[in-house]
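Chains as they are written, first to last, in this note's numbering: chain A, 1 to 148; chain B, 1001 to 1342; chain C, 2001 to 2667; chain D, 3001 to 3266.
Mixed in with the good hints, there may be bad ones.
[As the list claims (entries may be wrong)] When the alpha-carbon atoms are kept at most 20 angstroms apart in a straight line, the in silico EDC-like pairs for lysine to aspartate or glutamate are as follows:
| # | chain 1 | residue 1 | chain 2 | residue 2 |
| --- | --- | --- | --- | --- |
| 1 | B | K1164 | B | E1127 |
| 2 | B | K1075 | C | D2667 |
| 3 | A | K137 | D | E3153 |
| 4 | D | K3261 | A | D93 |
| 5 | D | K3066 | B | D1228 |
| 6 | D | K3061 | B | D1229 |
| 7 | C | K2228 | C | E2571 |
| 8 | D | K3066 | B | D1229 |
| 9 | D | K3069 | B | D1228 |
| 10 | C | K2059 | B | D1228 |
| 11 | A | K137 | D | E3145 |
| 12 | C | K2107 | A | E5 |
| 13 | A | K30 | C | D2289 |
| 14 | D | K3066 | C | D2614 |
Honestly, the hints are just simulated from the structure, not real lab data. The model shown is predicted, which means the values in this text are computed figures rather than measured ones.
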Amino acid sequence: MTEFEPKIVAFVCNWCTYAGADLTGTSRIKYAQNVKIIRFPCTGRIDFMLLLKAFGEGADGIIVSGCHPNDCHYTSGNFHARRRWIMFRGLLDLLGIDIRRIQYSWVSAAEGAKWADIVNSTVKTIRELGPYTDYAKVAGYLEKEVKE
Amino acid sequence: MQTENYLIRKSSLEKLFGNLIGNGKIVYAPKAKGNLALFDKVQAFGEITEDYIVTANSAKSVTFPRTEKLFSYHKSKESTEITDAANNTFPDVILWGTRPCDAAAFIPLTETFNGDFQDIIYNKRREKVLILSFSCKRSDEYCFCTSVNSGPGNTAGSDVQFTKLSDGDYLAEVITEKGQLLVKENCNLFEAKPEEDKEPNLAIVATRFNQEEIQAKLQNLFENPVWDDKSRACLGCGSCSYVCPVCSCFDIQDEAHGNKGTRLRCWDSCGYGLFTMHTSGHNPRNTQGGRWRQRILHKFLYMPNKSKVAGCVGCGRCSRSCPADINILDTLTSLQEEKPNE
Amino acid sequence: MSKIGVFICHCGENISSTVDVVRVAEETGKLEGVEFSTDYKYMCSDPGQTIIKQTIKEKGLTGVVVAACSPRMHEPTFRKACQEAGLNPYMCEMSNLREHCSWVHDKSEATTQKAIDLVRTLVEKVKLNKPLYPIKVPVTKTALVLGGGIAGIQASLDIANAGHKVILVEKDPSIGGHMSQLSETFPTLDCSQCILTPRMVEVAQHPNITLWTYAELEKLEGFIGNFKATIRKKAKSIDENICNGCGHCTTKCPTKKIPSEFNTGLGTRTAIYVPFPQAVPNKPVIDKDNCTYYQKGKCKICEKLCPTGAIRFDQQDELVELEVGAVVIATGFNVMQPSGFPEYGYGKYKDVITGLQFERLASASGPTLGEIRRPSDGKIPEKIVFVACAGSRDPAKGIPYCSKICCMYTAKHAMLYQHKVHGGKSYIFYMDIRAAGKNYEEFVRRAIVDDEVNYIRGRVSKVYEENGKLIVKGVDTLLNAKPVEIEADMVVLASAAVANPGAEELAQKMHVSYDSYNFFSEAHPKLKPVETNTAGIFLAGACQAPKDIPETVSQASGAASKVIILFSQNELSREPVVAVVNRSAPPVYSTCVGCFMCASACPYQAIGEELITDRKGNVIKRVAKVNPGLCQGCGTCVAFCRSKSIDIDGYSNEQMYSEVMALLNND
Amino acid sequence: MNELIQKATILLESNSVQVVIGYGKGSANRTRAIFITQAADCEKLIFDSRCIQNLAVYLTKQEIKKLGKPAIVAPIPVLRSIVQLAAENQIAENDLVVLGVTPESELVEFESFAAIETFLSTHRIEIEGKYQKTIEMIKSMPVSERFAYWVKELEPCFKCYACRSACPLCYCTRCTVENNQPQWISVASHPLGNLEWHVMRAMHLAGRCTDCEACYNACPMGIPIHLLTKSMLQDVAENFGTYGPSLDKLNALSSFKPDDKESFIR
């Protein structure tokens, strides 16, 4: 049996985490292929609905990452994002949407190694949790071909 | 066919249910939820409630589901492959415990789906539905079936109608061949029953207006303050349409996932502002008054004009569920007093 | 219908060695709307760009995806190429196959599959791109330079000499910075002050430079070309316009025992003081924390003595708002206090000092007038030990990086000692000698060969006092790790160069990024070494990383030239990545309902209101409106808008949504 | 409620307002919103414990705005909504007369929205114990079970949007769900569409919801969607220390504190 390869989408800001992930590359630090990045100008731009959409389209895990507090390129986008995540996370948890599948992090442009660590540890967590079949069942209602 | 009457004992009713479930049929029946009764899939006889005037939702979703897959597609750069849902086989469904009004509602509903266009999916689903209605012993002030040519013991639309008799047993009126087949398959549960007047076992529902009169009046009531007056509190939601057993408006939606996708038919409501919104931003029906008028005219003028059947069976659900307490009977009775425009 | 061109770069072998680029081109070529796809060795090369340009013209492409390195590297390159071929530059997107794929994964099917996914995602995005046109904003041709060390001085002079106004803000009472504290400079041994002071004077006299000492940045708002800076001018307690700098006050001030910052605590100063004789401006300030009048309410001797009546005890800090077009950060560095290394005995033994303190001892203007004397008893040391890397390259207790300047200045210190103390013996404990620089290696050689400085490769394990001597115990790793013990009279620690204590706070005020050591981050380690991530803010000198003087001066001139380039235009073209509130035909006008939550969330106060009126002027609707000059394109408002009435060009709702869809649906 | 009737009559007679939005007799044992434009009709006004619809919803409806300047009968939940609507620039002080009604059925008049805010400071939102218990019960389920619980609870939702229409704070002219570029939320009322809709609705009310329960009361299927907003009210209070509506334009989600605490961001 082949190992479960989780699909993980990373929503990252352009200035810190995207640059940090660039540094991971420049530093040739290896990490798992499962995580694919979508670039946003700022974590403040990341609409909570996009995270939900990602699960709806079959993501097993999500990473959301941006500048550390006080480091936002736009001064406060990440502060707004943080409040939004606090609320969103509470709501998802109440609804039984598995919040262990969303890893939030602050990764600066200088933290190439931290980015690799976030990716690898998230992949590990999601591997342990397995495919997100609960959500896939709901999302795949029209297909009714969800693989258990 | 001629209606055949049988008697079914109280205890046999549960056996009948057991036989149906045992044969792998899908059964929808009223289930209690808080203060409401909802039509829902049931597995066990005990899940079914008897304590309801009508269910909060109607039974129409068995033939006209709120989300119906019409087809799915898979496209590539060169070609597109389509899987038509009309080729699907639909399951046998039994509606257990519908009220006569709900059963009767399938008549106008079927008319709508067989007008200029014969809707294959609707018809395939309809063929598979067996309607076992239970006549009404109780009614409330929202009920007005008798005003729309129906009644608490109306058998139109039902395959079999059960009426609870004073001794707790049931009169089973078999109206259709489908109903006959049911009796045949469960003949040990049905006993012969001589002709009996079921009226004493039915609720009394006062006649509040005359449908034909209203229909005639509405020809000339397009411009009338009653529409705005009676809909002033309307919040513009779609609950009246969605609980209505006859409302059949739908919206076509495509849900795409990369190169794959599905075309869906989803319920829609004339109560929404967006229902008639044009791309330009212009909206010919731009107030709730206009929308309320449309709802009434559609049911009581346009539908009977077109297909001889009114679009209302008098179940009163729309009034019961309206969050702003807009009462269709209020509007209809006050229409009776209106003088038509010259 | 979209006609997208996909161009996969091998980046030599950087991408192609782990990603099957031919397959990526093949697979993405099958995507709907992709008109053309190819791979090439170096897309950024001239021939590579030519392929893109020709394909745009020949195939009539409506969008381009270049799958190569990070967009942070080459997005401008490829956008320019598209523009040259007649395609709006914003119709070009980059997929990051190098930093985010080939460099972080091993060669495998999964790596190639990820590359395909990444390219497909950008293909779907670019289909929804729309042509954007640069936004023009005016440029205020005044530069703000923070820090009056050699970096700030050089940058100010260069900008001023190009004909632009400069406001130079220095937190201390005088400009000059660390360089003014140095004795001689390597590798030429010319006197630091001799070469610096003329520049300081030039700054003071330059008609284009406004010098504010004893002042700090309070707040910075706005954006490139249009910053609004608030400067706190700390109360000096004197009226600078009246003071003639006679110095009576400083000689008569009764509080005389304050350790002099300029002399690194090796000398003293008064409460009203000029930090050093060559200070610019050469006018005193009152140190309120140490002034008898401010502390006890009595004294005012200086006020009585002042011939011009310039003392102002009631002076308050003043906040001044400035409009500037660019900022140069030149706030320098600090020297790590080696108290975290008890084995060296710093702070315990008076004769264990830092390199910077040694500079003051060796300086002709220093407390010993340039004679090397022990702080404890004023004796001339016969044996002196220098410890290099006292904190540097020490991830455990100090800092992991190399402070870069210590090897050279320690060689210089030993050399100065040998020149000043004939017959003295000097020892340097070192890890490696790093002398890369013009004439640097030769300089160190001279110390070893001509001046007979004893270099010992090894670490010092302990310094302790015994019979008036400092016993230095160490090891010589070149002699089979033989233990070494030296009875020294003085020990000099080449303590690490670290960021200023206020650096983090300053970076946050200015919204520039900084590294984990609190040094300010350049926008690109190689190609944008003087820019920060915030447009219009530049870096000069050791605030970015430890640097020697020539390097600092070069970077300062580099930063200055960036400012001058910016000021060479009257208008600035800004990235048109800005938010827009939707508008539509009547009767809708806009789906905005005017709740203005976006406005309260906007970090730039870029959202105002607009009244939509009918022909008679009656207000029909009140909606939000974005000022594109102020909007910086963060998109926070977009995620806030419940009715999705505000959107951002370049990262629109549709684009981000389609990226999520495309990334997760590989069919 | 003679006091209320008198006041309404005076307002209409003096033409200080053109319409009084209040409660009147409804079907069966219900009450319903009535819109009185003639002073003589003021006698139809009633107020008792059955008057649970949140009338503030009408303040932003174009059909009601057309009637002229309104006076509104405002028990506590309506007052809360008025404050929040004011903070969100949807109503102006001079364009509205507020006829406050205390829980003891006494009439209170307000000189300004600020006065309403002050009044409300003594009538704070409190999540009733029974709801707290239910929320706790749900939260204590294993995650998979909790998800199944909600999927089942939301199953009857056929997206009539009565929850949205009845909510005074859902005043957008175009709801996210009506935006199809992109189609953020499935229009279909299948399990995913329902889940997405309710997540979105709750998130859009985060920091804004005034706990009037209009959404729950409106739901024809009796879905306990108010539990979502109630739980979020608790979250706002726990995390940001604010609770309930305020005239302050900065509500919980359009503001922040640099030292907001969280425990989950690495």
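Each hint, compared with the structure:
1. B:K1164 - B:E1127: The given pair, whose Cα atoms are some 27 angstroms apart, is violated under the 20 angstroms limit.
2. B:K1075 - C:D2667: The hint holds at about 9 angstroms.
3. A:K137 - D:E3153: Within the cut-off at roughly 16 angstroms; holds.
4. D:K3261 - A:D93: Holds. K3261 (chain D) to D93 (chain A) sits at ~18 angstroms (cutoff 20 angstroms).
5. D:K3066 - B:D1228: The given pair, whose Cα atoms are some 12 angstroms apart, holds under the 20 angstroms limit.
6. D:K3061 - B:D1229: With a Cα-Cα distance of about 15 angstroms, the restraint between K3061 (chain D) and D1229 (chain B) holds, given a limit of 20 angstroms.
7. C:K2228 - C:E2571: 17 angstroms, holds
8. D:K3066 - B:D1229: Holds, at about 13 angstroms.
9. D:K3069 - B:D1228: It holds: about 18 angstroms lies between the C-alpha atoms, which stays within 20 angstroms.
10. C:K2059 - B:D1228: 59 angstroms, violated
11. A:K137 - D:E3145: 14 angstroms, holds
12. C:K2107 - A:E5: It holds: about 17 angstroms lies between the C-alpha atoms, which stays within 20 angstroms.
13. A:K30 - C:D2289: With Cα atoms ~54 angstroms apart, K30 (chain A) and D2289 (chain C) exceed 20 angstroms; violated.
14. D:K3066 - C:D2614: With Cα atoms ~17 angstroms apart, K3066 (chain D) and D2614 (chain C) stay inside 20 angstroms; holds.
Comparing the model with each numbered hint stated earlier shows that hints 1, 10, 13 do not hold.
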